[in-house]
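One line per chain: the protein sequences are A and B, in this order. Start counting the first sequence at 683; every next residue gets the next number (my numbering). Start counting the second sequence at 901; every next residue gets the next number (my numbering).
Calculated from the structure, these hints are not laboratory results. C-beta: ideal position from N, C-alpha, C; glycine also. There may be inaccurate statements among the hints.
[To be verified] Covered stretches of chain B, going by a simulated chain A footprint (3 or more residues, C-beta under 8 angstroms):
1. 912-926
2. 932-942
3. 950-961
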Amino acid sequence: MSPSLIALTTISIIVLFGSLIGFAARRRRQMDLEQWACAGRGLGLVLVWLLMAGEMFTAYTFLGASGWAYSRGAPVLYVVGYWPLGCVVGFFILPLIWEVGRNHRMQTQADFFQVRYGSKLLAAFVALLGVVCLIPYLQLQLTGLGLIVEEASYGGVTRTPAMVIGFALVAGFVFVSGVRGVAWVSIVKDLLLISAAVFIGFAVPHFYFGGIGKMFAAMVRQKPAHLVMPGNTPNLGHAWYISTVLVSSVGFYMWPHFFAATFTAKNGDILRRNAVLMPLYALALPLMLFVGLTAVLVLPGLRDGDLSMLMIVRKTFPAWFLGIIGGAGALTAMVAAAIQLLCAATLYAKNLVRPIFAPRMSEQQTATLSRLIVLVLTAGALLLAMYSSVSLVSLYLVGVNGVAQLIPGTFLGLFSRRATTSGVFAGLATGIAIAAALTLSGRDPYYGLNAGFVGLCFNFVVTAIVSAFTRVRVASFDDVPAEFLAAQPGALASLD
Amino acid sequence: MKRPATASILLGLIPFAASCFTVSLWDRIYPIVFGLPFNFFWVILWMILAPVCLWCALRIESRRQLASQGKTGGAARAVLPGEQGGAD
């Protein structure tokens, strides 16, 4: 057997096995929206942990962490640095979000805004923002999947068929099993990914230098500037680090799919314990940095830094091992994409289409529509991934900076009695406009500060000023009037 | 809705102070610890110390939860109309 065939067989076995588990997770549940999008709020500590970890450890993390270490050096530390801080923020806000979510039967992030601020338009705007920000992220997973399979099969399967097959499987198990299927696939993917990452993290530096410490000693001798900020970049210094870590950690749970994962938990305490354990999951992440740094010395001058991990694995290990890495990477991209698809589809059907265009739609019809939209979004993302160009990464950055603008609405919604609907709306619009303008015109970082952070500062100021001059309609979740709940079908039933 | 205790919020701020705001103090190669440049060592260290801080905060929060449940006669539901005011 040729190396390409061996690697390809390994990848196929892993991907098919993972997908089968996803399909099997349905068992005999009736798939209403609550079950499909929130797993009936019945997941325990282990599945919630796996689901959230599965969302955070995406193909982008897998390739990007080593890629940034390779091409930019020390600024990559932000990836490792914001993770535990994001968990700290989650520890405090997720149990509160879970509690209001349970009391008001929320299934999506936009529901939170709908209930708290009592505005269909604001909720629809939040949903639209979520979908728009998720699409480039979804596309990134697709492209990552294509790259991983193409490289890991020694070019035996090119990226387009790899993307089509991978995503047909994803759309399939999301359509059938919903969020529960995703959580179960995460188990396979996590076991593989973590063991693979730990293994290559130690083995690659050991193979070329005799250990991680010796690899760093060689780096200190040859490229010391690569190891401190701004590393191999002109402008990613300390101010950038602080502002980026702040936006990424506080904005960690502002991604609509992270936010919605909160609602799958059985109780709020699970989310707290989950936050304590989550940083430990990420301990595999620094090992990916070590692989990227090894590649700086062993494989200098790669055109695409994101390929550094795969290239060095390919250079170091036999074909079957490359196949395992490829399979784990492909499954990682699929799990992440599955959650994003599910979330975007639910947002679109429940918070955009139903309230604005079809108010009479029943819960069951909304569920069916969401599931159909999964197929449409998959096809759309596939087309974009096949035909769009480099601007992908910049679109992704707009997404990150865009969802971070939901911070004031969420935090003030939980902790302040003074924030008004118009205030939050105005702040959000301002923040998005500024962050998007700076990012798209290539001014991120702006005077050394993260563009999302700049947008966020304006966002807070505008929210505060407009709130000061407008009337408070609802002061907190505890006194949401009944007419808001009526706009939220099923909500009243839960209060009996 | 029950806000977190001040003590646990302070515990949560420790990792922020140590691994975010103070970046200028620790972003350096020397001293090398366990073979890692100091900045790499420091950031990885806080991946382990942040859960320790959170674990302490978890104990504080669990104790408060038990205490408030004891007061309301072990009510299973967290938000009942009568206890909303007292939660802050």
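For this session: Examine the stretch 912-926 of chain B for residues whose CB is less than 8 angstroms from any CB of chain A, and state whether their number is three or more.
Result: holds (count 8)
Problem set entry | Verdict on chain A covering the stretch 950-961 of chain B, where coverage means 3 or more residues with a C-beta closer than 8 angstroms | holds (count 8)
Exercise. Are there at least three residues in the stretch 932-942 of chain B whose beta carbon sits under 8 angstroms from a beta carbon of chain A?
Worked result: holds (count 7)
Comparing the model with each earlier hint shows no violations; every hint is respected.
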